[in-house]
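Protein chains: 2
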Amino acid sequence: MRATGVVVEYNPFHNGHLHHLRATRTATGADIVVAVMSGHFLQRGEPALVSKWSRTKMALDAGVDVVIELPYSFATQHAEIFSRGAIALLDQIGCESFCFGSEDGDIEAFSNTLRFIKSNQEQYDQYIREFIQEGMSYPSALADAFKKLGNQESVIDLSKPNNILGFHYMEARDLLSSSLKAYTITRESAGYHDEHFASPSIASATSIRKSIFNTDDQHEISSYLPESSVKELDKYVHEFGEFHRWENYWTMLQFKLLSSSKDELRDIYEIEEGIENRMVEYARHSLCFEEFMIKLKTKRYTWTRLQRMLLHILTDTHKEDMRERHVAPGYIRLLGMNERGREFIRMQKKNLSLPLISKLSSADPRSIKLDVKAAEIYSLGLHDPASRKKLLTKEWSQPPIII
Amino acid sequence: MRATGVVVEYNPFHNGHLHHLRATRTATGADIVVAVMSGHFLQRGEPALVSKWSRTKMALDAGVDVVIELPYSFATQHAEIFSRGAIALLDQIGCESFCFGSEDGDIEAFSNTLRFIKSNQEQYDQYIREFIQEGMSYPSALADAFKKLGNQESVIDLSKPNNILGFHYMEARDLLSSSLKAYTITRESAGYHDEHFASPSIASATSIRKSIFNTDDQHEISSYLPESSVKELDKYVHEFGEFHRWENYWTMLQFKLLSSSKDELRDIYEIEEGIENRMVEYARHSLCFEEFMIKLKTKRYTWTRLQRMLLHILTDTHKEDMRERHVAPGYIRLLGMNERGREFIRMQKKNLSLPLISKLSSADPRSIKLDVKAAEIYSLGLHDPASRKKLLTKEWSQPPIII
Numbered sequence: 192m193r194a195t196g197v198v199v200e201y202n203p204f205h206n207g208h209l210h211h212l213r214a215t216r217t218a219t220g221a222d223i224v225v226a227v228m229s230g231h232f233l234q235r236g237e238p239a240l241v242s243k244w245s246r247t248k249m250a251l252d253a254g255v256d257v258v259i260e261l262p263y264s265f266a267t268q269h270a271e272i273f274s275r276g277a278i279a280l281l282d283q284i285g286c287e288s289f290c291f292g293s294e295d296g297d298i299e300a301f302s303n304t305l306r307f308i309k310s311n312q313e314q315y316d317q318y319i320r321e322f323i324q325e326g327m328s329y330p331s332a333l334a335d336a337f338k339k340l341g342n343q344e345s346v347i348d349l350s351k352p353n354n355i356l357g358f359h360y361m362e363a364r365d366l367l368s369s370s371l372k373a374y375t376i377t378r379e380s381a382g383y384h385d386e387h388f389a390s391p392s393i394a395s396a397t398s399i400r401k402s403i404f405n406t407d408d409q410h411e412i413s414s415y416l417p418e419s420s421v422k423e424l425d426k427y428v429h430e431f432g433e434f435h436r437w438e439n440y441w442t443m444l445q446f447k448l449l450s451s452s453k454d455e456l457r458d459i460y461e462i463e464e465g466i467e468n469r470m471v472e473y474a475r476h477s478l479c480f481e482e483f484m485i486k487l488k489t490k491r492y493t494w495t496r497l498q499r500m501l502l503h504i505l506t507d508t509h510k511e512d513m514r515e516r517h518v519a520p521g522y523i524r525l526l527g528m529n530e531r532g533r534e535f536i537r538m539q540k541k542n543l544s545l546p547l548i549s550k551l552s553s554a555d556p557r558s559i560k561l562d563v564k565a566a567e568i569y570s571l572g573l574h575d576p577a578s579r580k581k582l583l584t585k586e587w588s589q590p591p592i593i594i
Numbered sequence: 192m193r194a195t196g197v198v199v200e201y202n203p204f205h206n207g208h209l210h211h212l213r214a215t216r217t218a219t220g221a222d223i224v225v226a227v228m229s230g231h232f233l234q235r236g237e238p239a240l241v242s243k244w245s246r247t248k249m250a251l252d253a254g255v256d257v258v259i260e261l262p263y264s265f266a267t268q269h270a271e272i273f274s275r276g277a278i279a280l281l282d283q284i285g286c287e288s289f290c291f292g293s294e295d296g297d298i299e300a301f302s303n304t305l306r307f308i309k310s311n312q313e314q315y316d317q318y319i320r321e322f323i324q325e326g327m328s329y330p331s332a333l334a335d336a337f338k339k340l341g342n343q344e345s346v347i348d349l350s351k352p353n354n355i356l357g358f359h360y361m362e363a364r365d366l367l368s369s370s371l372k373a374y375t376i377t378r379e380s381a382g383y384h385d386e387h388f389a390s391p392s393i394a395s396a397t398s399i400r401k402s403i404f405n406t407d408d409q410h411e412i413s414s415y416l417p418e419s420s421v422k423e424l425d426k427y428v429h430e431f432g433e434f435h436r437w438e439n440y441w442t443m444l445q446f447k448l449l450s451s452s453k454d455e456l457r458d459i460y461e462i463e464e465g466i467e468n469r470m471v472e473y474a475r476h477s478l479c480f481e482e483f484m485i486k487l488k489t490k491r492y493t494w495t496r497l498q499r500m501l502l503h504i505l506t507d508t509h510k511e512d513m514r515e516r517h518v519a520p521g522y523i524r525l526l527g528m529n530e531r532g533r534e535f536i537r538m539q540k541k542n543l544s545l546p547l548i549s550k551l552s553s554a555d556p557r558s559i560k561l562d563v564k565a566a567e568i569y570s571l572g573l574h575d576p577a578s579r580k581k582l583l584t585k586e587w588s589q590p591p592i593i594i
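Same order as they appear, the protein sequences are chains A and B.
Read in order, the letters of the first sequence correspond to residues 192 to 594 in this note's numbering.
Read in order, the letters of the second sequence correspond to residues 192 to 594 in this note's numbering.
Isolated chain A, as found in the complex:
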């Protein structure tokens, strides 16, 4: 059995993901697709629309064979750490390859870029530092530093979001000395952040979420999702009363900012340079999360970076909590699998060097503490107390989903 891996958030699973999934099988010739998926909170520092359980179900229904969780301590990080966690897990679970979507679509160009940057690493890092000191955001500094190294042939455009992620997957593979073979597939039409519906069947997850929250009419988006996703989204709202978004957590965030001392806030992961003072001040004078973010946003801090900081404030994740968790995940948490996936896991089980966690109650509670806390806090975003309790206790009782 040959397995390939994909790194996903499926927020929610849509036709573009389906396309990528099928193209991954074709390109890699694998029998098994393993998805390493962010849990309840995502790389942009946002709560997922629906729980990881619901998103696992969508993935399995659409043909993914195994879904494992990218832990909170990797899933809510900038691209470098995020990628390292994801690639390490795919490597550990026994994939032969991985395959990512990118604007560029040429795996050689990724290798060239990585090689070129590595051979100019010192100069590259210095440019980045300079640009950041000038007040540039980290992603812009990265792209501009690369540009400043001079024109190269057959390299990728490092200002494109999927190229950036792909580059970091390649970098992670290199850093981890992994033997995973890398593939990339050109992304069809919709860009990562696109908010418009450009194609009749493919739209970005961002535009789909926007439509969900703006109209509450899921029929409008149904042509962009597999039917199984539409069904699962309907089911979630029926079961828990609503979707999750930052606004659901606004009162808690406001409460946390206004009740914590500045010392406590400074101790939160990624909080630095006195930004906690502005956060507390704006928490006092904002009516909602969006107003708060608009006030807080500056050129130096990207929306994403601010959201990640605020997420760590919400989950009370301290610098100390993250300190030793950056290298690679210490466990593999199984979220779901189909028949083929079960066979694959059965075969891999004896070779795994990391503990495989199927049920939380059997896991060492310390190792998985941040994920559990994140899941509990995610559930508090539901307004209905009974739904909240149901989702909260699910984290402890839910075995991997099997279809």
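Don't read these hints as lab results, they were simulated from the structure.
Be aware that a few hints might be false.
Copies of the same chain look alike in the list, so a pair counts if it fits in one copy or across any two.
Keeping only pairs whose Cα atoms sit at most 25 Å apart, straight-line, the calculated DSS-like set for lysine-lysine is [as the list claims (entries may be wrong)]:
hint	residue 1	residue 2
1	K309	K510
2	K564	K338
3	K581	K422
4	K486	K540
5	K453	K581
Chain A is fixed; fit chain B onto it per the hints.
This is chain B only, laid out in the frame that chain A set:
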């Protein structure tokens, strides 16, 4: 000008309070009544029905001349510290006397009781320790220890709630070597915690609040409140959309319990003996504050004591925050006054040894930090974002109310 003091919560101001106010003037012969009033949070560890500003207005409308705030660090404490803060402030602001309502109604009996306990202090304290070790609550231990000292003539019944408070006022006066003259008035009909309406015009604040939350029909309670109180309560709901109660803060409390580490919780004032473990566990499985409290309650911990612990968790008040604030308040915060009250304050101003705070923006922010935080968190109990912001910023901008 002769001033007397009363210690109040006015939650809300009702006919029983009006009776006490008039009887106080008669008994003491004072021209001025100064009320030292708890802020947004009360001695039983609860949010007040309406803000301190609204309760100040009720007090002034009913004839109180000056209202000053009992700081959070005294207002939310057991009777001993609560009383010390209140008596110290009445002494500092220049009252000649103070007057409290009690079940007993005989000031000599209070003096006798205090004298008798002081002359048996060692034995008394030992009995209390023994009873607490046997699992008794602190108030029960106090009353039973007193009983065990043997029958005395002309002492008070220390199992009655207003007698207990009165006893602690007397003790505080003694401890502070204050020259305040003490008066007591027999409380008319309704006991402190009564939930039934026994008299046609006097009902306890507890029963009034219960009726407000159970029926949302304020007409039913209007015969127990002065018209000015009814008007003020109506105005509050009109302006802010709702009254405050613990349920409004349940999500925040649940969030705080589930997001904090056990170490952080143990660092909260009054948290001890591992009760934080049960709190976190029940926070996971309760749908509302009441269900949570019923699960948490034991014989050892009174409802009131638990609510105070939870309040300190809500306001993130650490052991360290309270450490040096127990002796006596370090400032006098003026909440409101009438014409006579202004004249009194003008006369006293030059003699005051404590800073008199009229506007928060002119106060030393450190000294009043806990009150401000409590006020901000109190305002988060409002669901409507605009009302919340309005109340939140009021804490910073509201000058003393003048009628």
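From the Cα coordinates, with 25 Å as the cut-off, is the pair K581 and K422 best called within, between, both, or neither?
within (20 Å within a copy, 42 Å between copies)
When Cα atoms must be at most 25 Å apart, do K486 and K540 count as within-copy, between-copy, both, or neither?
neither (50 Å within a copy, 42 Å between copies)
Copy assignment of K453 with K581, given that the CA separation must stay at most 25 Å:
This pair counts as between: shortest inter-copy Cα distance 23 Å, intra-copy 34 Å.
At 25 Å max between alpha carbons, let me know whether K309 reaches K510 within a copy, between copies, both or neither.
neither (29 Å within a copy, 52 Å between copies)
Within, between, both or neither: how does the pair K564, K338 come out at a Cα-Cα threshold of 25 Å?
neither (41 Å within a copy, 49 Å between copies)
The structure fails to meet hints 1, 2 and 4 from the earlier list, while all remaining hints are met.
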